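Chains as they are written, first to last, in UniProt numbering: chain H, 1 to 215; chain E, 1 to 161.
One or more of the hints may lead you astray.
[What the hints assert, rightly or not] Pairs of lysine-lysine residues, derived as DSS-like cross-links and limited to a Cα-Cα distance of at most 30 angstroms, are as follows:
| id | chain 1 | residue 1 | chain 2 | residue 2 |
| --- | --- | --- | --- | --- |
| 1 | H | LYS119 | E | LYS122 |
| 2 | E | LYS122 | E | LYS89 |
| 3 | E | LYS89 | H | LYS119 |
| 4 | H | LYS119 | H | LYS94 |
| 5 | H | LYS143 | H | LYS190 |
| 6 | E | LYS41 | H | LYS62 |
| 7 | H | LYS93 | H | LYS190 |
| 8 | E | LYS40 | H | LYS94 |
| 9 | H | LYS94 | E | LYS65 |
| 10 | H | LYS151 | H | LYS94 |
| 11 | H | LYS143 | E | LYS8 |
| 12 | H | LYS119 | E | LYS2 |
| 13 | E | LYS8 | H | LYS56 |
| 14 | H | LYS151 | H | LYS119 |
| 15 | H | LYS143 | E | LYS65 |
| 16 | H | LYS56 | E | LYS39 |
| 17 | E | LYS122 | H | LYS94 |
| 18 | H | LYS26 | H | LYS4 |
The hints are simulated quantities; they were obtained by calculation from the structure and are not laboratory data. A quick note: this is a predicted structure, and the numbers were derived from the prediction, not measured.
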Amino acid sequence: MTDKPVLYSYFRSSCSWRVRIALALKSIDHEIVPINLVKDGGQQFSEEFQTLNPMKQVPILKIDGITIGQSLAIVEYLEETRPTPRLLPQDPKKKAIVRMISDLIASGIQPVQNLSVLKQVGQENQTPWAQRAITSGFNALEKILQSTAGKYCVGDEVSMADVCLVPQVANAERFKVDLSHYPTISRINKALLALEAFQVSHPCRQPDTPAELRA
Amino acid sequence: MKQVPILKIDGITIGQSLAIVEYLEETRPTPRLLPQDPKKKAIVRMISDLIASGIQPVQNLSVLKQVGQENQTPWAQRAITSGFNALEKILQSTAGKYCVGDEVSMADVCLVPQVANAERFKVDLSHYPTISRINKALLALEAFQVSHPCRQPDTPAELRA
Numbered sequence: 001m002t003d004k005p006v007l008y009s010y011f012r013s014s015c016s017w018r019v020r021i022a023l024a025l026k027s028i029d030h031e032i033v034p035i036n037l038v039k040d041g042g043q044q045f046s047e048e049f050q051t052l053n054p055m056k057q058v059p060i061l062k063i064d065g066i067t068i069g070q071s072l073a074i075v076e077y078l079e080e081t082r083p084t085p086r087l088l089p090q091d092p093k094k095k096a097i098v099r100m101i102s103d104l105i106a107s108g109i110q111p112v113q114n115l116s117v118l119k120q121v122g123q124e125n126q127t128p129w130a131q132r133a134i135t136s137g138f139n140a141l142e143k144i145l146q147s148t149a150g151k152y153c154v155g156d157e158v159s160m161a162d163v164c165l166v167p168q169v170a171n172a173e174r175f176k177v178d179l180s181h182y183p184t185i186s187r188i189n190k191a192l193l194a195l196e197a198f199q200v201s202h203p204c205r206q207p208d209t210p211a212e213l214r215a
Numbered sequence: 001m002k003q004v005p006i007l008k009i010d011g012i013t014i015g016q017s018l019a020i021v022e023y024l025e026e027t028r029p030t031p032r033l034l035p036q037d038p039k040k041k042a043i044v045r046m047i048s049d050l051i052a053s054g055i056q057p058v059q060n061l062s063v064l065k066q067v068g069q070e071n072q073t074p075w076a077q078r079a080i081t082s083g084f085n086a087l088e089k090i091l092q093s094t095a096g097k098y099c100v101g102d103e104v105s106m107a108d109v110c111l112v113p114q115v116a117n118a119e120r121f122k123v124d125l126s127h128y129p130t131i132s133r134i135n136k137a138l139l140a141l142e143a144f145q146v147s148h149p150c151r152q153p154d155t156p157a158e159l160r161a
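Construct the entire structure; sequences and hints are all you get.
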């Protein structure tokens, strides 16, 4: 038994990566239990995992005696209980902007191109479908960031918006979205990937990363 | 993002419904829509996100336009059913009078509109007794009535209450 928080994660899940980044930024020691979304028909559908999360999705974090699903609900809980370093600005207006950008990604883009939706559109439609979802969202995000960004998404401090950005850019790359249309997104993504928290949490460095994708 | 809602308030413009609600909560904190206890707050946010990220974006207008007219209803039903199956289970352990305990929260704010979507797409709500009970209790409250789609400035005449 351990008192450390336990994160149920899939190496390639962008939502799981968000939580891994937040845990790393806040230096929160934790364990990872890999859940493979593809193998064995999808380990998220096992009875055992369904009991843990009826939504049958990762990430799930077991922490402080509770079990939380939904990546941003998890990140907000970490922010409230382990507030240093801060991932949300103190100013309510800047905080609203961070949440807006985070939700643009976490509600506006990712759910439309996640694994369970892609399974429904048919193999030959998957890439154009995902590209369309991401492009549509990134068109809006690029405009927003032009007025909010400093070094990072909102000013010069790493925030929850940045935690959402990097995994979504990785999804964009995976679906071969042309990122040259998004210079602000690209610049910020590059700056964030230089930070240790974004590296240790990277899909290529996870316990369940397949050998051929390992860094 | 070419979407609603957008709120212009205090000199700023905010999109994304839950970012807006959280800003209102911080700047106009009474009555509270988020519990003070961080663990209960996390549960409220989890339920809100289950709806606002897990269900609605998959069955919104722009996605439905892409799946083809004859596929729209089954597609939407599938998204809602999948989400409500999970939500019903979660609510069985979190709900009191409302989604989380006995105080109206951001989770309830998300629930009622999503149940309306479910009804619109003819999802069988008899499978979701907890969702149904809470929805009914919330619809009795004034805030959920004055804000109802059937009472808006742009409600078409034939749908007006």
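Results for each hint:
1. Of the pairs offered as hints, the one joining H/LYS119 and E/LYS122 holds, with about 23 angstroms between alpha carbons and a cut-off of 30 angstroms not exceeded.
2. A threshold of 30 angstroms between alpha carbons decides the hint, and for E/LYS122 with E/LYS89 the separation of about 21 angstroms falls inside it, so the pair holds.
3. Between E/LYS89 and H/LYS119 the CA atoms are separated by roughly 24 angstroms; this keeps the pair inside 30 angstroms, and the hint holds.
4. With a C-alpha separation of about 37 angstroms, the suggested pairing of H/LYS119 with H/LYS94 is violated against the 30 angstroms cut-off.
5. A distance of roughly 18 angstroms separates the Cα atoms of H/LYS143 and H/LYS190; the hinted pair therefore holds under the 30 angstroms criterion.
6. About 15 angstroms separates the Cα atoms of E/LYS41 and H/LYS62, which keeps this hinted pair within 30 angstroms; it holds.
7. For the suggested pair H/LYS93 and H/LYS190, the alpha carbons sit about 26 angstroms apart, so the restraint of at most 30 angstroms is met.
8. For the suggested pair E/LYS40 and H/LYS94, the alpha carbons sit about 25 angstroms apart, so the restraint of at most 30 angstroms is met.
9. About 34 angstroms separates the Cα atoms of H/LYS94 and E/LYS65, which puts this hinted pair outside 30 angstroms; it is violated.
10. The hinted pair formed by H/LYS151 and H/LYS94 meets the criterion: a straight-line CA distance of about 15 angstroms does not exceed 30 angstroms.
11. A C-alpha spacing of about 18 angstroms is found between H/LYS143 and E/LYS8, which places the hinted pair at or below 30 angstroms, so the restraint holds.
12. Among the hinted pairs, H/LYS119 with E/LYS2 is consistent with the structure: their alpha-carbon atoms are about 27 angstroms apart, no more than 30 angstroms.
13. The hinted pair formed by E/LYS8 and H/LYS56 fails the criterion: a straight-line CA distance of about 37 angstroms is larger than 30 angstroms.
14. A threshold of 30 angstroms between alpha carbons decides the hint, and for H/LYS151 with H/LYS119 the separation of about 37 angstroms lies outside it, so the pair is violated.
15. In summary, the hint linking H/LYS143 to E/LYS65 is supported, as the alpha carbons are separated by about 24 angstroms, within the 30 angstroms threshold.
16. Only pairs whose Cα atoms come within 30 angstroms are accepted, and H/LYS56 paired with E/LYS39 is accepted, the gap being roughly 21 angstroms.
17. For the suggested pair E/LYS122 and H/LYS94, the alpha carbons sit about 40 angstroms apart, so the restraint of at most 30 angstroms is broken.
18. Restraint check for H/LYS26 and H/LYS4: satisfied, since their Cα atoms lie roughly 14 angstroms apart, inside the 30 angstroms limit.
Comparing the model with each numbered hint stated earlier shows that hints 4, 9, 13, 14 and 17 do not hold.
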